[in-house]
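Chains as they are written, first to last, in this note's numbering: chain A, 1 to 191; chain B, 1 to 367; chain C, 1 to 448.
Since the hints were made in silico from the structure, they are not lab data. Some hints could be false.
To be verified - Only pairs whose alpha carbons sit at most 35 Å apart, straight line, appear in this in silico DSBU-like list of lysine-lysine: (1) K126/A <-> K245/B; (2) K115/A <-> K204/C; (3) K115/A <-> K345/B; (4) K130/B <-> K115/A; (5) K118/B <-> K158/C; (6) K190/A <-> K118/B.
As the list claims (entries may be wrong) - Computed Cβ-Cβ distance ranges for the label pairs, DEER-style: (7) A125/B <-> I131/C: 35 to 43 Å; (8) S79/A <-> G235/C: 58 to 66 Å; (9) R165/B <-> V168/A: 49 to 57 Å; (10) P108/B <-> V168/A: 49 to 57 Å; (11) V183/A <-> D355/B: 53 to 61 Å; (12) R84/C <-> A156/B: 33 to 41 Å; (13) L102/B <-> L110/A: 35 to 43 Å; (14) M94/A <-> A156/B: 42 to 50 Å; (15) A175/A <-> A156/B: 21 to 29 Å; (16) R143/C <-> T176/B: 18 to 26 Å; (17) T82/A <-> Q118/C: 43 to 51 Å; (18) T176/B <-> N211/C: 49 to 57 Å.
For each residue, glycine too, the CB sits at the ideal point set by N, CA and C.
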Amino acid sequence: MSFPFNLRGLASRLLNLSRPIQTTTAPSASRCLSTTSPLLNTPKGGKKPQSGGAASGKKRGKGKNAVVQDPKIVNLLQSLSTLSPRRIPPPLRMARNRHLRHWTIHRGWLMFRRKQRDERERTFMKQYQSMSAACEELRLTRGPGARPEGYLYRVAMEKKGVYGHHGVPIEYARAQTDTPAKVAWNHDWKR
Amino acid sequence: MSAASRGGNAVSALLRSSRRVCSQCARSSPRPAIPLTTRRYYAEQTTTTTTTTTETAAPKPPPPSPPPRKDISSEHSIIVPSQSDSAHYISAGIILTRAPLLTREPTPFEAAFYLYQKRLNERLAVPFRKNLYFRTDTASDLDWRIKVRERHGVPAKDIGRYNPRGRTAWNDEVLTGSPLSAPETIVEKLLADAETRVSEDGEEIAEEERVPVEKPMPRRTEADEKNDVRRLDRALDRTLYLVVKGKDGKWTFPAGRVDTSEALHETASRVLEQTAGVNMNTWMVGRVPVAHYVKRPSFGEGETAKTAPEKRGEKTFFLKGRIMAGQVDLTGNVRGVTDFQWLIKDELREVFATDYYHSIRNMVELR
Amino acid sequence: MSRPQQVARPIVRSLQQSRSITVCPSRSIAARQFSTTANRKDEGTTVEQQPRASATQRLSDTLSGSHWTPEQLEKLTSHTMGSRRRRAAIATSSDIPFEQMPYQCFQEARKILNEDRQEKIAQIVAETEKIKHLEAADASTMRGGEPYKQKRLESLRKYVEELKILADINDPLVKRRFEDGMGDMNKPIYRYLADRKWRSMDYKITVQRINQFHIVPDVLPKFDPTMDVKLSFRGQPIAPGATLNSRVTEVAPTLKMQVFDAGTRLLSVVVLDADVPDLESDFFTRRCHYLATNIPWDPTKKQLPLRQIGTPTSQTGGDLAVPWLPPFAQKGSPYHRLAVFVLEHNANEKIDVTKLTERYDGSGRELFSLKGLRDKFKLKVAGFSIFRTEWDENTAAVMERHGILGADVEFKQQHFKSLKGPRKARGWEAKRQKPKYRSLWKYTKRLA
Chain A
1 MSFPFNLRGL ASRLLNLSRP IQTTTAPSAS RCLSTTSPLL NTPKGGKKPQ SGGAASGKKR
61 GKGKNAVVQD PKIVNLLQSL STLSPRRIPP PLRMARNRHL RHWTIHRGWL MFRRKQRDER
121 ERTFMKQYQS MSAACEELRL TRGPGARPEG YLYRVAMEKK GVYGHHGVPI EYARAQTDTP
181 AKVAWNHDWK R
Chain B
1 MSAASRGGNA VSALLRSSRR VCSQCARSSP RPAIPLTTRR YYAEQTTTTT TTTTETAAPK
61 PPPPSPPPRK DISSEHSIIV PSQSDSAHYI SAGIILTRAP LLTREPTPFE AAFYLYQKRL
121 NERLAVPFRK NLYFRTDTAS DLDWRIKVRE RHGVPAKDIG RYNPRGRTAW NDEVLTGSPL
181 SAPETIVEKL LADAETRVSE DGEEIAEEER VPVEKPMPRR TEADEKNDVR RLDRALDRTL
241 YLVVKGKDGK WTFPAGRVDT SEALHETASR VLEQTAGVNM NTWMVGRVPV AHYVKRPSFG
301 EGETAKTAPE KRGEKTFFLK GRIMAGQVDL TGNVRGVTDF QWLIKDELRE VFATDYYHSI
361 RNMVELR
Chain C
1 MSRPQQVARP IVRSLQQSRS ITVCPSRSIA ARQFSTTANR KDEGTTVEQQ PRASATQRLS
61 DTLSGSHWTP EQLEKLTSHT MGSRRRRAAI ATSSDIPFEQ MPYQCFQEAR KILNEDRQEK
121 IAQIVAETEK IKHLEAADAS TMRGGEPYKQ KRLESLRKYV EELKILADIN DPLVKRRFED
181 GMGDMNKPIY RYLADRKWRS MDYKITVQRI NQFHIVPDVL PKFDPTMDVK LSFRGQPIAP
241 GATLNSRVTE VAPTLKMQVF DAGTRLLSVV VLDADVPDLE SDFFTRRCHY LATNIPWDPT
301 KKQLPLRQIG TPTSQTGGDL AVPWLPPFAQ KGSPYHRLAV FVLEHNANEK IDVTKLTERY
361 DGSGRELFSL KGLRDKFKLK VAGFSIFRTE WDENTAAVME RHGILGADVE FKQQHFKSLK
421 GPRKARGWEA KRQKPKYRSL WKYTKRLA
């Protein structure tokens with residue numbers, strides 16, 4: 001593969017000794033964006049660049065009349081031109097009934113979200129109350145055996161080993177999915 | 001402020017520091033030798049018969065500002081636990097849960113709303129630039145063309161037949177009864193799009209030769225269909241709770257007495273192993289109890305009624321656990337458990353006794 | 001878009017509104033289904049063949065005497081005109097009311113909102129029951145006694161009012177009716193929406209005028225408007241604070257007033273000039289230009305023509321205490337602030353007009369104190385608006401017509417001579433006038 005490239009490089013060197021040596025052949029896709037702008041700024045009075053086969057990611061000619069020939073760059077420029085402000089669709093305009101429907105849908109969505117949020121918060125509150133009541137009961141409990149009142153509570157409040165490196169198992173980081181795995185649950189797990 | 005009262009403040013500060021309040025359980029340091037009444041520093045000065053040395057060292061009347069933690073010290077004197085601790089056994093239980101594996105099913109409104117928003121987005125977004133993604137006359141380009149033709153020229157896969165730039169661009173709302181917004185339809189469309197329609201050399205593949213795309217597993221499993229409450233792959237979008245049937249035939253969470261040398265979480269994990277075997281990958285979520293259940297002791301009649309209950313009650317503290325893999329194995333369990341079930345929260349109410357359910361119902365999760 | 005269509009749109013809209021109201025008279029909140037009060041149709045569907053004749057008839061009824069000929073009306077409601085989209089909508093949609101339009105997301109959203117509305121209605125019923133129980137209960141059995149009972153009743157009633165608003169606020173038809181100005185102001189939801197709209201802009205402007213024209217320290221120590229008051233002179237609405245020609249203000253204005261809380265109350269209207277020049281004390285005093293009282297007002301009323309109050313043909317009621325004196329500013333005096341205050345009576349008590357007349361009419365107009373009036377009759381300031389007047393080409397004529405003296409007076413700023421002596425000339429050139437720079441005199445400018 002490198003043979004024709006070397007030849008080409010040699011040819012360009014022979015043809016135009018004043019220019020720096022060109023080693024890359026075609027600009028890679030990721031470099032296209034960065035290479036176009038300096039190309040557009042080539043000085044008008046400069047010499048006509050020698051085209052070197054596939055290395056013609058350059059415009060031919062000068063200034064405004066530059067013609068980009070590399071199909072990849074052409075493609076990119078075309079698709080970028082769709083992003084120009086002129087071609088971006090205008091903001092939505094709705095007639096009155098349509099807008100009222102949209103408003104209804106929006107209000108419905110807000111209501112739906114609010115209901116969900118309220119239910120979630122209510123659950124959290126209940127869980128907190130449940131924990132709090134259990135802890136209070138534990139605090140007023142004497143035992144086990146000859147242990148003083150509140151012993152179990154103090155032990156339960158200890159945070160040693162609860163956080164930190166092995167605090168939470170990695171299996172617990174499994175995210176919920178829309179559909180189950182092929183084997184939904186591993187029933188045969190052995191220690 | 002006079003010098004004398006300043007001295008009084010200093011003494012009371014000394015007194016406060018000498019009280020040794022436990023910072024964790026917010027009570028005075030548990031010294032079983034001292035009776036409860038002696039810890040009452042400021043409540044009554046004269047009536048206490050057992051005056052400690054610290055109180056004799058403080059001849060001043062109580063300082064003008066009430067001392068901190070006064071309420072607690074008075075609480076110490078007032079709250080004599082109505083059930084003395086000898087009247088209760090202490091148990092620790094574990095509420096072993098399987099977290100939902102699947103996301104929630106979208107409600108009809110949610111599904112319709114997402115489709116509505118997708119179409120609005122089509123109206124607002126820049127049109128799809130095919131040439132940017134498919135080089136002309138390649139196999140992928142041909143494949144794309146076939147699929148787009150079948151979608152009536154709509155680049156988006158799951159919005160149905162809607163052109164945001166045509167004459168009917170305004171008509172972007174889906175009519176009632178349309179199956180387009182349902183999750184099943186969307187899955188179907190995405191699967192159809194994933195199928196390869198053109199071979200590598202650019203030939204269109206005949207319908208009988210196409211390799212179908214593997215379908216995702218159904219959300220309802222076999223266990224759901226059979227309503228097998230012992231399987232863990234049932235009700236995948238809900239939380240499952242492990243309940244066991246004890247010797248007395250009642251359904252409860254696994255629980256057992258706390259040994260003298262144990263803390264709650266140690267008992268809970270021991271009980272779980274003894275009940276359900278070791279072949280479960282579980283994790284105890286913290287050491288703090290999330291719920292408790294108190295069975296009151298029954299007292300007999302007569303003089304010793306308060307001190308010696310006829311039958312001791314039981315305080316059960318539940319810790320929360322998660323199961324990540326494995327299954328309950330009842331063979332050879334030492335706790336006499338005869339049966340187990342994995343239930344969702346609505347089913348818990350049916351199997352539990354009323355008071356038991358009421359004491360744990362607040363800890364259940366949203367779904 | 002063609003011009004007739006543009007013109008037709010509001011007409012068609014108002015037509016639809018009037019029909020919707022006649023078809024379904026309002027029922028009580030609890031009995032009313034969600035979004036079913038109006039049979040309003042899609043914009044396109046309103047011009048169906050069958051209702052068109054009646055629509056045209058109704059239109060010509062409502063616009064009798066206007067410049068629309070029957071042919072024009074026919075054209076306005078025809079289905080052969082309008083955009084392609086409109087014609088398509090007319091052709092394809094049958095007679096479907098708005099709330100039954102078969103759009104999936106819309107219908108699902110309505111289900112959600114309807115559910116919420118039913119919850120709110122159930123809450124209203126429960127709270128009303130509670131109020132009934134509490135009213136029947138004996139206050140002496142409660143721990144707080146009668147004050148506790150009253151306070152609890154009050155807060156319960158307030159909560160019910162809130163619930164009534166929450167039950168209706170998500171209804172698109174309520175929104176539409178309010179936007180068209182067809183809302184029934186006896187219902188809490190429309191009053192709430194009107195209040196919200198007023199506070200979003202007009203209230204802010206009013207407060208700004210109060211502050212920037214220093215009404216607050218000058219006329220009253222403190223007040224906060226709670227009702228909407230707009231002024232119009234000779235049928236032309238004016239912006240608050242505008243400077244008006246004295247010919248325009250020769251006749252009393254019409255007030256467009258809107259209150260946002262339920263019930264009938266009695267109002268008094270005061271117009272006062274806050275900048276009457278007082279030569280003796282070299283200061284400004286106030287003068288009463290208009291005072292009317294005992295005007296019954298409720299949320300459904302809109303217009304109050306001040307010139308009609310006290311006349312036998314007056315439809316609004318009320319008593320005139322001090323008739324309109326056209327505002328005037330003598331030549332040379334700075335602009336006069338003419339403040340319009342609307343005051344609410346305490347506990348709907350009537351005020352004796354004769355007392356007001358003998359106190360404030362005639363020479364009582366001068367040195368008028370709004371604070372004194374408010375305190376003496378226990379009034380509460382509710383609304384405010386303002387305009388300004390200056391000396392202009394018509395003022396002299398207006399003053400003459402109304403027998404006001406002083407049109408020939410011109411105020412001039414009094415000039416005091418400075419106590420400091422004249423200042424020496426300074427600068428580069430002034431310095432070089434001195435003989436020391438004699439050699440430079442041929443180059444420098446010679447100052448006189």
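Hints, one by one, checked against the model:
| no. | hint | verdict |
| --- | --- | --- |
| 1 | K126/A <-> K245/B | holds, 27 Å |
| 2 | K115/A <-> K204/C | holds, 34 Å |
| 3 | K115/A <-> K345/B | holds, 20 Å |
| 4 | K130/B <-> K115/A | violated, 42 Å |
| 5 | K118/B <-> K158/C | violated, 42 Å |
| 6 | K190/A <-> K118/B | violated, 46 Å |
| 7 | A125/B <-> I131/C: 35 to 43 Å | violated, 54 Å |
| 8 | S79/A <-> G235/C: 58 to 66 Å | holds, 60 Å |
| 9 | R165/B <-> V168/A: 49 to 57 Å | holds, 50 Å |
| 10 | P108/B <-> V168/A: 49 to 57 Å | violated, 36 Å |
| 11 | V183/A <-> D355/B: 53 to 61 Å | violated, 40 Å |
| 12 | R84/C <-> A156/B: 33 to 41 Å | violated, 25 Å |
| 13 | L102/B <-> L110/A: 35 to 43 Å | violated, 26 Å |
| 14 | M94/A <-> A156/B: 42 to 50 Å | violated, 21 Å |
| 15 | A175/A <-> A156/B: 21 to 29 Å | holds, 26 Å |
| 16 | R143/C <-> T176/B: 18 to 26 Å | violated, 55 Å |
| 17 | T82/A <-> Q118/C: 43 to 51 Å | holds, 49 Å |
| 18 | T176/B <-> N211/C: 49 to 57 Å | holds, 54 Å |
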